[in-house]
Amino acid sequence: MLQREGETRIPAGCAISGFINRSGKRTNGSVIVNSIACMHERSNGLGGGYAGYGIYPEYKDQYALHVFYDSGEARVKAEAFLDRHFDVVNLSRIPVRKNPNITDEPLIWRYFVNPLPTKLQDSQLDERTYVAKCVIKINDKIDGAYVFSSGKNMGVFKAVGYPEDVGDFYRLEEYDGWAWTVHGRYPTNTPGWWGGAHPFSLLDYTIVHNGEISSYDANRRFIEMFGYKCNLLTDTEVITYIIDYLHRRLDMPLEDVAKVIASPFWSELESGKFSPEDTEKYRHFRNVYSSLLITGPFSIILGFNNGLMALNDRLKLRSMVAAEKGDTVYISSEECSIRTMCPDVDKIWSPRGGEPIIVTLDKGAERGNK
Amino acid sequence: MKKVYVNEDWCLACHLCEYYCAAANSGAANMVAAFRNGKKPVSRIQVEEGDKVNFAVQCRHCDGKPCVRGCIAGALSIVDGVVCCDENKCVGCGTCVLSCPFGCVVFDEANHRIQKCDLCLKNHDGEPACVQGCPNKAIVFEER
Amino acid sequence: MPVNYMNPLFEVVRDHDKCIKCRVCERQCANEVHKYDAELDRMVSDEMTCVDCQRCVCLCPVNALKIRPNENRFRDNANWNQQIMTEIYKQADSGGVLLSAMGTPKEYPVYWDKILLNASQVTNPPIDPLREPMETKTFLGKKSQAISYDENGKAHYEKTPYLELDVPIMFSAMSFGSISKNAHESLARAATELGTYYNTGEGGLHEDFYKYGKNTICQVASGRFGVFKGYLDAGAAIEIKMGQGAKPGIGGHLPGMKINDEISKTRMIPKGTDAISPAPHHDIYSIEDLRQLVFSLKEATNWEKPVIVKIAAVHNVAAIASGVARSGADIIAIDGFRGGTGAAPTRIRDNVGIPIELALASVDSRLRDEGIRNDVSIVVGGSIRSAADVVKAVALGADACYIATAALLSMGCHLCRSCNTGKCNWGIATQRADLVKRLNPEVASKRLVNLVTAWNHEIKEMMGGMGINSIEALRGNRLMLRGVGLNPKELEILGIQHAGE
Chain H
0 MLQREGETRI PAGCAISGFI NRSGKRTNGS VIVNSIACMH ERSNGLGGGY AGYGIYPEYK
60 DQYALHVFYD SGEARVKAEA FLDRHFDVVN LSRIPVRKNP NITDEPLIWR YFVNPLPTKL
120 QDSQLDERTY VAKCVIKIND KIDGAYVFSS GKNMGVFKAV GYPEDVGDFY RLEEYDGWAW
180 TVHGRYPTNT PGWWGGAHPF SLLDYTIVHN GEISSYDANR RFIEMFGYKC NLLTDTEVIT
240 YIIDYLHRRL DMPLEDVAKV IASPFWSELE SGKFSPEDTE KYRHFRNVYS SLLITGPFSI
300 ILGFNNGLMA LNDRLKLRSM VAAEKGDTVY ISSEECSIRT MCPDVDKIWS PRGGEPIIVT
360 LDKGAERGNK
Chain R
0 MKKVYVNEDW CLACHLCEYY CAAANSGAAN MVAAFRNGKK PVSRIQVEEG DKVNFAVQCR
60 HCDGKPCVRG CIAGALSIVD GVVCCDENKC VGCGTCVLSC PFGCVVFDEA NHRIQKCDLC
120 LKNHDGEPAC VQGCPNKAIV FEER
Chain L
0 MPVNYMNPLF EVVRDHDKCI KCRVCERQCA NEVHKYDAEL DRMVSDEMTC VDCQRCVCLC
60 PVNALKIRPN ENRFRDNANW NQQIMTEIYK QADSGGVLLS AMGTPKEYPV YWDKILLNAS
120 QVTNPPIDPL REPMETKTFL GKKSQAISYD ENGKAHYEKT PYLELDVPIM FSAMSFGSIS
180 KNAHESLARA ATELGTYYNT GEGGLHEDFY KYGKNTICQV ASGRFGVFKG YLDAGAAIEI
240 KMGQGAKPGI GGHLPGMKIN DEISKTRMIP KGTDAISPAP HHDIYSIEDL RQLVFSLKEA
300 TNWEKPVIVK IAAVHNVAAI ASGVARSGAD IIAIDGFRGG TGAAPTRIRD NVGIPIELAL
360 ASVDSRLRDE GIRNDVSIVV GGSIRSAADV VKAVALGADA CYIATAALLS MGCHLCRSCN
420 TGKCNWGIAT QRADLVKRLN PEVASKRLVN LVTAWNHEIK EMMGGMGINS IEALRGNRLM
480 LRGVGLNPKE LEILGIQHAG E
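Residue numbers (numbering that gives the first Met the number 0), protein chains in the order written: chain H, 0 to 369; chain R, 0 to 143; chain L, 0 to 500.
Calculated from the structure, these hints are not laboratory results. Warning: the hint list may mix true and false statements.
Computed footprint of chain R on chain L, listed as stretches where at least three residues anywhere in the stretch have a Cβ under 8 Å from a Cβ of chain R [stated by the list, open to error]:
| hint | segment |
| --- | --- |
| 1 | 18-30 |
| 2 | 55-65 |
Pair ranges (Cβ atoms, derived) [as the list claims (entries may be wrong)]:
| hint | chain 1 | residue 1 | chain 2 | residue 2 | range |
| --- | --- | --- | --- | --- | --- |
| 3 | L | D368 | H | P116 | 27 to 37 Å |
| 4 | L | D260 | R | F101 | 31 to 41 Å |
| 5 | L | K210 | R | E108 | 45 to 55 Å |
Virtual Cβ for every residue (Gly too), placed ideally from N, Cα, C.
Chain H extracted, bound-state conformation (with noise of 0.2 Å):
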């Protein structure tokens, strides 16, 4: 029989895309799902999902958290843990299309909650942390029940299948967000279990990953000296987890954080290309953080609660292209995918491995949380 992630380790090639509006200007789901249309022949319909920020305006204090649940047992024990934690202010079965494409679904389920202000007082982690060792201890712990989404004013939607019928089923035409992504996947072997689709997400971060990397294990068994359990065996989810170590952890600009994962080579350390000072940081990191630096072919889009990052790997050993037009930025696996978004960019590039492309909110732009 075969096993499905988290049993056996499962290479993927991929297909992503995503955009971003400075502004904040909240643009349509049906907009990325044609995106990733185009693309079809780089997945093999063994999963596809979206992430949208700025989603959930009316709940844009609220985690929202997106669940699969095996069976009505599985819910019954995740919502009474649900309960013992957090405040749930709404909760509601996720609003799905019946797609032919789209089998064998789960129990899907969306919470807007809190934490309960007593837990959290008595766990002394901050609120974050305390969410993301829920979620964590959720996806470890309780069999059968797997939370895929876990953001404020953001939501991760992901289904076996091609993406272009994960978007369909999921009716995104009925939401709209300031930043979106996309992944098609390709895997080269799995039974396909909805959980194992991406994007991968732990709090708001999330990833959409094309790649396979080859410091798999060496990240992996890195990371989870951090309390991080890898439980599903894919590249993305450690990659999210360097992320979510990195930067929110680590407090570590997301500048800074591309430099540990895709670190300089040393002949350009020593070429003299960075200031001094630069240097002198870029050094400690490969020291200090070396078991972070990812190799092998990746090209990832991270979602955050302010912005998206697009990176390459220091070889650039996968496509990505970058495109600008107005205050709206595009990254996708192939030009075709950002022609079909927006025909008449004004600036169109491909971004140089190792090299980060951040994008962030404008001061001041209406997203919707705070």
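We have chain H; now place chains R and L onto it with these hints.
Relative to chain H, chains R and L alone:
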């Protein structure tokens, strides 16, 4: 000009240089053939052994060239800085043996003529045989 | 002698058709095996003292020599085999402890040879080291994760002392005394050229070699030979030797006859006296004492140098390493039981300790489980024989490897395992001036550089095949390893899957 130099710090007195030299200049195809049937080809390099110091001695191709000046037969000459002996001209008088201040000219009893180092110009490409054969890099062929 | 229980171990086979009687074998044999018999006008041999060091074979200009095992056999007995019987005769003769040198020759499992590496196919491209950067630079030391940014976005971080290696390979501890001055110089020069480190061992640092200080690791062992402030200041790091893989639980003994003027001066002991390293450090009877020594040495060197604690791989090595990691040490060196030695009691060498592969795997896993893997780097030694062993060690979790036997081999050693006799014909494990001279550091350091450079090329090739272009991404990357012919328990300890899984 590149010459053969010996560093006494590393000379082990293993005498291999003598055998490599003798074989190389014997005209024989290999070392075994050079010494076959009790033959004892002459070596142009001689290891002097001391209590603590050993030293392989061979022609320094020195600036004074007393051997060349003293040669009564015109057998010794300088070719591109190398002191060479024309064995067809050598009459075996031994004047050069006497006049060499370093004792580097060897008398070949069997053939009644002298033998001296010519940096293996006639038999090897590149490095002289003694240099190639030294197991401890005590003998070097270099510009100084 | 009325009855001779000892047979020569070897037979010298000489091809008299080839022999030119140059006598180089005679001159080069410190064991006086070869002799020229003028009456017979031929070379003769007394094989009793031959140790099969191969010096004569290597120097014979006509390849007329062969050394092979003596074919004389005691009556076959799988239980009481030839070696066991010989050892009994030896002890019946001497009444003493059997001594041996270098690593155990016994057939214990070599796990490196039962582990296979991965390579990229289709889903992920291999990387060609001839076309793309392929990085093997390695840092050793504590990896403090803390970082903060001020209001201007400037990063503030703590820099702890570290070693920077251009190749993930260092030369392991061999003392001046156990090996010759020329051998030490060769290692020092090679380490400098390679951008790595050599290790003084426990015999102090010869005054001529202070100039190689920035590529030197200064060892402090239980005998404290040659240790003073200038010595601690001279090196790039300090290593506290708690144990040695070849002889866990015991100390060392350099006989007085080897303590000549220079060794006496370097070790700071009277000439001609035995240099005895006690089994324990007598100021370290427990882990808290180790912590005090670590901090004393750091204090003495102004907190500028990383401190390495070297331990032998023994049964509870993971727990010991965990204690060491919490003792303030920056680097743990683990020495496996197949590691070499200048001299050790045979029974200890052949029966005490555990293989480095298992020790490394369990230490690395344990430190990660405890979340303290970042506090220390792990260096492993004890029979690292090739670039493949290095790659496997790094993938199991080592930061770098120590090599010593391989280094000696590159200098000429032929593993005759007679270091303890002091008559090393290769000029390595000897203090006899005429023998020491045989090792020209110019030649030997070049050969060491060649060896490590070659290995580094091979490491890069193997990394590239796996789609990895930086050694950091290989470290602890056990998915790159698969076992062949290993049982489930072995796989579990190594933390790897079986081939085909």
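Now the hints, each set against the structure:
Here the segment 18-30 of chain L counts 7 residues with a CB under 8 Å from a CB of chain R, which clears the bar of 3, and the coverage holds. Counting residues of the segment 55-65 of chain L whose beta carbon lies closer than 8 Å to any beta carbon of chain R gives 4, which meets the minimum of three for the stated coverage. Range check, L/D368 to H/P116: Cβ separation about 34 Å, and the 27 to 37 Å hint holds. At about 34 Å, the beta-carbon gap between L/D260 and R/F101 stays in the expected band of 31 to 41 Å.
For the pair L/K210 and R/E108, the beta carbons lie near 51 Å from each other, so the given range of 45 to 55 Å is met.
Consistency with the previously given hints is maintained throughout, with no hint failing.
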